[in-house]
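Enquirer: Model the full structure from these sequences, guided by the hints.
2 protein chains.
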Amino acid sequence: MPNAEILATGDEIRSGAVRDENTPWLAGQLELAGLAVTRHTCVGDDSEAISRVLDEIARRCDTAVITGGLGPTADDVTAEAAARAAGTQLELDETALANVQRALAGFGRSGAGRNRKQALLPRGAVCLENEIGTAPGFRMRLHGCLLFFLPGVPGEMKRMFEDRVLAALRDELGPGLASVCVKTVSTFGLYESEVAQRLDDLEEIFPGLRLGLRFVFPEIRVTLSARSETPEEAQALLARATRCARDRLGDCAFSEDGLSMPAVVGEMLRERGATLALAESCTGGLIAHMITGVSGSSDYFLLSAVTYANRLKTAMLGVSPETVRSFGAVSEETAREMAGGVRSAAGADYALSTSGIAGPSGGTESKPVGTVCLGLASPDGVRARRLCFPFTSRRANKRIFAVSALDMLRRELMQPLTREP
Amino acid sequence: MPNAEILATGDEIRSGAVRDENTPWLAGQLELAGLAVTRHTCVGDDSEAISRVLDEIARRCDTAVITGGLGPTADDVTAEAAARAAGTQLELDETALANVQRALAGFGRSGAGRNRKQALLPRGAVCLENEIGTAPGFRMRLHGCLLFFLPGVPGEMKRMFEDRVLAALRDELGPGLASVCVKTVSTFGLYESEVAQRLDDLEEIFPGLRLGLRFVFPEIRVTLSARSETPEEAQALLARATRCARDRLGDCAFSEDGLSMPAVVGEMLRERGATLALAESCTGGLIAHMITGVSGSSDYFLLSAVTYANRLKTAMLGVSPETVRSFGAVSEETAREMAGGVRSAAGADYALSTSGIAGPSGGTESKPVGTVCLGLASPDGVRARRLCFPFTSRRANKRIFAVSALDMLRRELMQPLTREP
Chain Z
1099 MPNAEILATG
1109 DEIRSGAVRD
1119 ENTPWLAGQL
1129 ELAGLAVTRH
1139 TCVGDDSEAI
1149 SRVLDEIARR
1159 CDTAVITGGL
1169 GPTADDVTAE
1179 AAARAAGTQL
1189 ELDETALANV
1199 QRALAGFGRS
1209 GAGRNRKQAL
1219 LPRGAVCLEN
1229 EIGTAPGFRM
1239 RLHGCLLFFL
1249 PGVPGEMKRM
1259 FEDRVLAALR
1269 DELGPGLASV
1279 CVKTVSTFGL
1289 YESEVAQRLD
1299 DLEEIFPGLR
1309 LGLRFVFPEI
1319 RVTLSARSET
1329 PEEAQALLAR
1339 ATRCARDRLG
1349 DCAFSEDGLS
1359 MPAVVGEMLR
1369 ERGATLALAE
1379 SCTGGLIAHM
1389 ITGVSGSSDY
1399 FLLSAVTYAN
1409 RLKTAMLGVS
1419 PETVRSFGAV
1429 SEETAREMAG
1439 GVRSAAGADY
1449 ALSTSGIAGP
1459 SGGTESKPVG
1469 TVCLGLASPD
1479 GVRARRLCFP
1489 FTSRRANKRI
1499 FAVSALDMLR
1509 RELMQPLTRE
1519 P
Chain U
1099 MPNAEILATG
1109 DEIRSGAVRD
1119 ENTPWLAGQL
1129 ELAGLAVTRH
1139 TCVGDDSEAI
1149 SRVLDEIARR
1159 CDTAVITGGL
1169 GPTADDVTAE
1179 AAARAAGTQL
1189 ELDETALANV
1199 QRALAGFGRS
1209 GAGRNRKQAL
1219 LPRGAVCLEN
1229 EIGTAPGFRM
1239 RLHGCLLFFL
1249 PGVPGEMKRM
1259 FEDRVLAALR
1269 DELGPGLASV
1279 CVKTVSTFGL
1289 YESEVAQRLD
1299 DLEEIFPGLR
1309 LGLRFVFPEI
1319 RVTLSARSET
1329 PEEAQALLAR
1339 ATRCARDRLG
1349 DCAFSEDGLS
1359 MPAVVGEMLR
1369 ERGATLALAE
1379 SCTGGLIAHM
1389 ITGVSGSSDY
1399 FLLSAVTYAN
1409 RLKTAMLGVS
1419 PETVRSFGAV
1429 SEETAREMAG
1439 GVRSAAGADY
1449 ALSTSGIAGP
1459 SGGTESKPVG
1469 TVCLGLASPD
1479 GVRARRLCFP
1489 FTSRRANKRI
1499 FAVSALDMLR
1509 RELMQPLTRE
1519 P
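From first to last, the protein sequence lines stand for chains Z and U. Going by the working numbering, the first residue of the first sequence is number 1099, and it counts up by one from there. Going by the working numbering, the first residue of the second sequence is number 1099, and it counts up by one from there.
Since the hints were made in silico from the structure, they are not lab data. Just so you know, even glycine gets a beta-carbon here, dropped at the ideal spot from N, CA and C. Hints should not be assumed to be uniformly reliable.
Pulled from the structure, derived: some chain U residues nowhere near chain Z, Cβ distances all over 10 Å [as the list claims (entries may be wrong)]:
| no. | residue |
| --- | --- |
| 1 | G1242 |
| 2 | L1271 |
| 3 | R1346 |
Reference listing, derived: stretches of chain U covered by chain Z, where coverage requires no fewer than 3 residues with Cβ under 8 Å from a Cβ of chain Z [as the list claims (entries may be wrong)]:
| no. | region |
| --- | --- |
| 4 | 1112-1119 |
| 5 | 1134-1147 |
Expert: Structure, rendered in C-alpha cells:
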C-alpha cells in the first residue's frame, strides 16, 4: 500500500495558539483513498525548517500533503521553502496569477498588488487552482515523492483536496490503492460503551470491516470502513455491515452519513406536510438555531418563542401564572402549557417546549443542574417528560436538552398518526 | 532559548479517527515555560517508527514531550520503542509497579495482572508517577536530550505535565528559560489584512513582543506574547504593547482574553440595569442562543421572538402587513417595526431585530444572499441599517448577521444616554 505523510506549517499551530483542523481531516481522507498515513509533522513559518522537513518527507514516502504558508504576507514562506528543497527558484505562474486576480476581482479589487507573491511557484510545479480564495496551491515531485501544497484555510484546503488532489492521487498511485467505502451511522440515547458492546463482533463477522466510534456530543457516531480489492466488493461489504449495525442499534440510530437530528426531524415534518413551533426557555433559542440551520426549514418551521422571563411565558404563550407558582417554571405542567400555548399561537401542527436548569448555577436539591422538562403538543394531545443529565456545563446541557427535545419529536413522528394533523 | 519538540503516538490520531488534543495544549504550555517549540510529530503504534522518530528528535533538540502508548495492551509500545532507541532493555521499575498497584487498588482490584507491563521502563529511566491513572510516565536522556514520556489520556497527561515535568524542566534548563506573558484582543469589523496593517510595526516598537493573528469567524483575534527575562518585565512589556494595540484598533477591539461579543454586550446591559428583547428572522434563534450561552443572562435577557413565518411577524410583533407587502420582509422598514414591536411586547429597554437572506438560496438581484437588515430600538428611538456580506454559506451568514446585530447594540451602549431607559 502506498504511504503518505502530512505536514502542517504555521507559527500559530506550532505554538499551540490555534488547533490544526486540517491534519486529522486529511489523515482520514488519505486513509479512505487507500493510502497508509505514516507520519504527521508540524513546523512554524520558517523557510529553512520547512525545506528541511520537505527533504526528509520526500525521502521517506510516496506522497505528502502540506498545508499553510501560501498567503500574501512575509510570514508565508512555503513556496520559497519548496523551491529551496528542490534546489530551484520561484517563478511567476500564469495560471496562479489568473487565479489570484480572479479571486481579488470577486472582492471588487483589480490587479494583484501584494497578492502577486501568491503566484510565485517553484519552477516545474503545477498550479492547483483555488476556486474560493486567493491562494493557489501547487504540486511537484521531490526525490520521486509527489507533494501537494494546499492553503491553510480549512474550507479552501478541503475544496482543493477534493477537486484537485484526489484525482491526481488516483492517476499517479492508482494501481496500488485499495478500495475503501465508508458509512457513518449517528446514534443518540446510548452510552459509548453500550454502542461498543452492541457492535462488539462486527469486525469478526465481516472481514475487511473497520469500526470507529466517535463521541460528537451528544451523539455517538459509528464509522464503518469497508476495504476490499474492488469498489463493488467494498460497497457490498459496507451495505451488509451497515444493515447489521443498524439492526443492533435499533431506533437509537437516527441517521446515516452525518445527517443532523434537525435535518432528520425536518424531513419527517416535510413528508407529513406538517408545521412546527417552539417555546424555548432553558435552550434559549438553540433548537430554533439548529432547525433554521437546515436550508428549506421555512417550509415547516413557523416560530420559536424564547421566553426567558416568566411573565412572558404568560403574555406570549398563555401559561397560567398559577401553574408556574404551584409547580415552578421548571415542571412538566409548565412545559405542557408552553407547548400547547405556542402550538395555538402559531397555528402549528406540532410544538416542542423546554424548561430546565442549564447551570452552572440555579440548581436545587429536587431540581439539580441538568434537569429539563420537555413538552410535546401534537394533533394527538399534549404530553411532557422530565429528564436529568449529569452535566454541569451550560453549553453541554443546552445542547443535550435541545437534541433530547428533537428526539422526542422524532420518535413521535415515527408513529403512525391517530388523527389527521 | 532552549528548544522543545512534541511527539504524539497512536493509530487513532495517525489515521485521523481521533483529534489530538494533547499536542496543542503542550505546545502552549512549553512556549509559556519559555521554550521554543520547533516541531510536532505524530506516528502510529509502531515500535520501530517511534524509536526512529525518538532518535531523530533527540539529535535535534534540548527536550521533548512524548504522549501515548503507555497502556497495558499489546498496542502500547512506547516504552519498548524508547528502550530500543537508547539501545537498552526494559526493566521492572519498583516505583512504577507501586503506582500501577495503587491505581488498580483504587478501582477495587488487587495485584497488577496484565497492567504489570506498565511498570516496565527502559533501564536508566526515572518514573513519573501518575496520581490519577494506571499509566506511570518516565523521563530519560537520549543523546543529551531530555525526554518526557506521558500517558495519552488528556487529564492524566496534563496533571503529570504540571506536577512533574514543569519542575524538571526548570531544574534542568532553568537558566536558559525566558518569561512569557500572553494577552488576546478580539476585534470585529476589520479585515485580517487591515488588522495586520494597523499593527504592522508593533514588534519593532516593542522588542520581545510577538504578534499572532487568528481568524475565528467572524472575529479576528490578536495574540500578543511578551517575552523577557523576568515575569515582571514581561508583564510590563505586555501591558504597554496591549495599550498600543488597542489604540490602533479603536472601537473594533471589543474584548480581551477571549471574552465573547454576547458576554461584552451582556455586561454593558447589566451595568446600565437595562433589558433586551430580540425579534429574529434570518438569524433563527442564534442571537438568543449566543446571549443565553452566558451564565447570568436571565438578568437582562427577556425574550426572542423567532418569527420565521411572516404572518407571525404581524401577529406576535405587530408588524404591519402593508409594510411587508410594500418593502418586503427583508427591508429596513420591516426590521424597524420588528425591533419596535418586540421592545413593546417584552417591555424591554433595548431590542434588536434581524431580517435577511442567509442562503444558500432565496437571493434576488436587489437582495442577494448575504443581505441583512438590522433594527435597533432603544429609549432614544428606532433605527435600522442594511448590510451585505459576500458569503454564500447559511451557517456563515447566520453567524455574521448575529454578531453584526450584537455589535450594533454594543456601539449604541458605548454612547452616553440621551434619555433615561
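Enquirer: Now tell me, hint by hint, if it's right for this structure.
Expert: Here is what the structure says about each hint:
1. G1242: Fine: 20 Å to the nearest Cβ keeps G1242/U off the interface.
2. L1271: Non-interface label on L1271/U holds, nearest chain Z Cβ at 18 Å vs cutoff 10 Å.
3. R1346: 17 Å, holds
4. 1112-1119: With 7 residues close enough to chain Z, the hint holds.
5. 1134-1147: holds (count 9)
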